[in-house]
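**Student:** Based on the provided sequences and hints, a complete structural model is requested.
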Amino acid sequence: MTAVIEVEDATFSFGDVPAVENVSLTVEEGDFVGIVGPNGSGKSTLIKLMLGLLEPDQGRVLLYGVPASRFQDGSRLGYVSQYASRVDRRIPVTVREVVEMGRFARAGIFPLRDEDHDAVEEAMQQVRIADLADRKLTHLSGGQRQRVFVARALASKADLLFLDEPAIGVDVESRERFYGLLRELNEQGITIVLIEHDIGVVTSYANLVACINRQLYCHTSPEDFLAGDFLEQAYGTDQEMLRHEHHLDHHHE
Amino acid sequence: MISTAVSLAVPGLVDAVSDAACEGGRLFGTDMLCYAFMQRAFLVGLFIGLVGPLIGTFLVHREMALIGDSLSHTAFAGVAIGLFFAAVTGWTGSPLLVATVVTVIAALLIQYLAEQAGEYGDVAMAIILTGAFALGTVLISISGGISVSIASYLFGNIVTVTEQSVTLLGGLTALVLVVLALTHKQLLFVTFDEEAARVARFNVSLYNRMLVVLTALVVVAALQILGVILVAGMLVIPVAAGAKVASSFRTSLVLAVAAGEISVVVGLVLSYQYNLATGGTIILVAVAVYSLGTMWGSLTNGRPIL
Numbered sequence: 001m002t003a004v005i006e007v008e009d010a011t012f013s014f015g016d017v018p019a020v021e022n023v024s025l026t027v028e029e030g031d032f033v034g035i036v037g038p039n040g041s042g043k044s045t046l047i048k049l050m051l052g053l054l055e056p057d058q059g060r061v062l063l064y065g066v067p068a069s070r071f072q073d074g075s076r077l078g079y080v081s082q083y084a085s086r087v088d089r090r091i092p093v094t095v096r097e098v099v100e101m102g103r104f105a106r107a108g109i110f111p112l113r114d115e116d117h118d119a120v121e122e123a124m125q126q127v128r129i130a131d132l133a134d135r136k137l138t139h140l141s142g143g144q145r146q147r148v149f150v151a152r153a154l155a156s157k158a159d160l161l162f163l164d165e166p167a168i169g170v171d172v173e174s175r176e177r178f179y180g181l182l183r184e185l186n187e188q189g190i191t192i193v194l195i196e197h198d199i200g201v202v203t204s205y206a207n208l209v210a211c212i213n214r215q216l217y218c219h220t221s222p223e224d225f226l227a228g229d230f231l232e233q234a235y236g237t238d239q240e241m242l243r244h245e246h247h248l249d250h251h252h253e
Numbered sequence: 001m002i003s004t005a006v007s008l009a010v011p012g013l014v015d016a017v018s019d020a021a022c023e024g025g026r027l028f029g030t031d032m033l034c035y036a037f038m039q040r041a042f043l044v045g046l047f048i049g050l051v052g053p054l055i056g057t058f059l060v061h062r063e064m065a066l067i068g069d070s071l072s073h074t075a076f077a078g079v080a081i082g083l084f085f086a087a088v089t090g091w092t093g094s095p096l097l098v099a100t101v102v103t104v105i106a107a108l109l110i111q112y113l114a115e116q117a118g119e120y121g122d123v124a125m126a127i128i129l130t131g132a133f134a135l136g137t138v139l140i141s142i143s144g145g146i147s148v149s150i151a152s153y154l155f156g157n158i159v160t161v162t163e164q165s166v167t168l169l170g171g172l173t174a175l176v177l178v179v180l181a182l183t184h185k186q187l188l189f190v191t192f193d194e195e196a197a198r199v200a201r202f203n204v205s206l207y208n209r210m211l212v213v214l215t216a217l218v219v220v221a222a223l224q225i226l227g228v229i230l231v232a233g234m235l236v237i238p239v240a241a242g243a244k245v246a247s248s249f250r251t252s253l254v255l256a257v258a259a260g261e262i263s264v265v266v267g268l269v270l271s272y273q274y275n276l277a278t279g280g281t282i283i284l285v286a287v288a289v290y291s292l293g294t295m296w297g298s299l300t301n302g303r304p305i306l
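As they're listed, the protein sequences go chains A and B.
Going letter by letter, the first sequence gives residues 1 to 253 in the working numbering.
Going letter by letter, the second sequence gives residues 1 to 306 in the working numbering.
Just so you know, these hints were derived from the structure itself, not from any lab.
Please note that a few of the clues may not be correct.
[Stated by the list, open to error] Some but not every residue of chain B turned toward chain A, in silico, with C-beta under 7 Å:
(1) Phe189
(2) Ala196
(3) Arg198
(4) Ala243
(5) Phe249
[As the list claims (entries may be wrong)] Using 27 Å as the maximum straight-line C-alpha spacing, the simulated DSS-like pairs for lysine-lysine come out as follows:
(6) A/Lys157 / B/Lys185
(7) A/Lys157 / A/Lys136
(8) A/Lys136 / B/Lys185
The beta-carbon is built from N, C-alpha and C at its ideal position, and this holds for glycine as well.
**Tutor:** If you want it as structure tokens, here you go:
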């Protein structure tokens with residue numbers, strides 16, 4: 001197994017406020033990592049460090065063995081942000097136009113070529129949105145939009161997919177199908193890093209759970225995670241609410 | 001100088017085009033295109049109707065619509081500096097040349113401030129807008145008060161469009177078109193999803209800087225026809241009109257340009273026929289086109305026409 005992401009003792013602060021403290025963890029090729037933690041626990045900051053959008057104040061973060069902020073092959077990285085499912089901007093783009101963006105880094109200043117268009121169509125089929133290709137993004141449901149952003153990552157042939165709470169505002173049924181899709185992609189060899197507040201989802205889909213509340217409290221298998229008392233350690237008084245959600249979700253399954 | 005070279009090299013072509021425009025106008029029962037100043041106004045107007053909405057599309061969807069307003073006031077300061085410089089040194093170049101330089105610098109300054117603050121803060125924008133305009137008025141008072149030529153920059157005046165400025169503005173338009181042709185994909189990505197563009201390793205701040213510099217060039221190109229106060233309208237109104245009825249980003253660009261060109265042509269014709277303020281007429285036509293687009297949008301429940 002090769003390490004895709006190596007976080008070594010990374011610390012990052014916004015001004016005086018520490019967001020991530022002394023976190024070390026490794027993500028290997030083919031992993032499906034679920035990052036859990038309460039609001040404001042540094043989950044998004046950790047993902048931004050991994051993506052190289054932020055640089056650690058201390059320690060280091062490597063992407064494919066290179067310091068993340070200096071990693072240049074953007075087409076290998078897919079990113080579905082927290083806001084993906086609820087883009088409310090009125091920019092009139094179609095589904096196909098969004099997925100095409102996944103090819104822009106390769107195309108540079110030149111027009112898209114046949115192979116680019118093929119990759120776009122293939123990616124849309126893979127996430128089953130080919131029938132929506134000419135629809136405007138603003139006319140889609142939250143669940144359909146997520147698929148569009150995943151298709152954009154697939155079109156760029158990303159082998160590492162980051163998702164930051166992609167399911168906010170999406171109905172339960174679409175969520176289940178969406179996570180099923182992520183599992184499918186993971187089985188095809190795509191490494192997935194998912195931030196998810198819903199512990200039920202993480203324990204049923206991920207093969208590794210990382211719980212963070214500024215510091216890393218666990219980096220372990222879902223089974224050990226459920227058996228351990230990491231929640232108590234990481235969440236302190238917030239745990240009641242999270243346990244509750246966890247039970248609720250198993251109820252849905 | 002370039003225009004002299006061109007007209008020396010192809011005098012026949014320029015005359016032929018000018019004659020054709022005159023005859024073409026007569027077919028529609030008007031001789032306005034037989035006047036050189038109207039030909040120049042139409043030419044510059046068509047340039048603006050093209051690049052204004054194109055650049056405006058990226059600005060509007062980034063919620064940077066008002067940057068056009070800030071930059072046009074800065075361009076006014078640039079014109080004032082140019083006229084002041086000309087009065088002091090006897091320099092005979094176009095004040096628009098100075099305005100171009102000043103506006104590009106201001107655009108980069110705004111971008112720098114926005115990057116420091118992490119947003120396009122309206123305070124920074126307001127300071128630059130009013131500060132530049134204040135500088136303009138002070139310089140004008142030093143160099144002899146408001147003259148006809150100053151008023152024409154404020155409110156737009158097609159009669160003052162010289163051959164020299166047609167060449168300058170044609171050059172700026174061509175430059176903007178070339179840069180857009182090469183980078184519209186990147187600009188779309190950055191406009192649509194800045195964070196994902198960073199992840200894809202696009203140089204986001206480079207594209208942001210490029211966009212504001214292109215905006216500065218378009219603003220200067222539009223200054224003589226529309227005037228300082230109305231320039232921003234050509235960056236915003238046709239775009240808003242097109243977005244109402246477009247089925248995709250590509251068609252929104254086409255529709256925005258169509259709305260821009262219709263506004264310019266109809267506005268110029270009306271202002272000539274009825275002796276109306278040109279800039280104001282163009283913008284009012286644009287507003288009318290926007291209203292039609294909005295009505296169409298609500299009648300068809302947002303279903304696109306193109």
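**Student:** Each hint needs a verdict: does it hold in this structure or not?
**Tutor:** Tested hints:
no., hint, result
1, Phe189, "holds, 5 Å"
2, Ala196, "holds, 5 Å"
3, Arg198, "holds, 6 Å"
4, Ala243, "holds, 5 Å"
5, Phe249, "holds, 5 Å"
6, A/Lys157 / B/Lys185, "holds, 18 Å"
7, A/Lys157 / A/Lys136, "holds, 24 Å"
8, A/Lys136 / B/Lys185, "holds, 18 Å"
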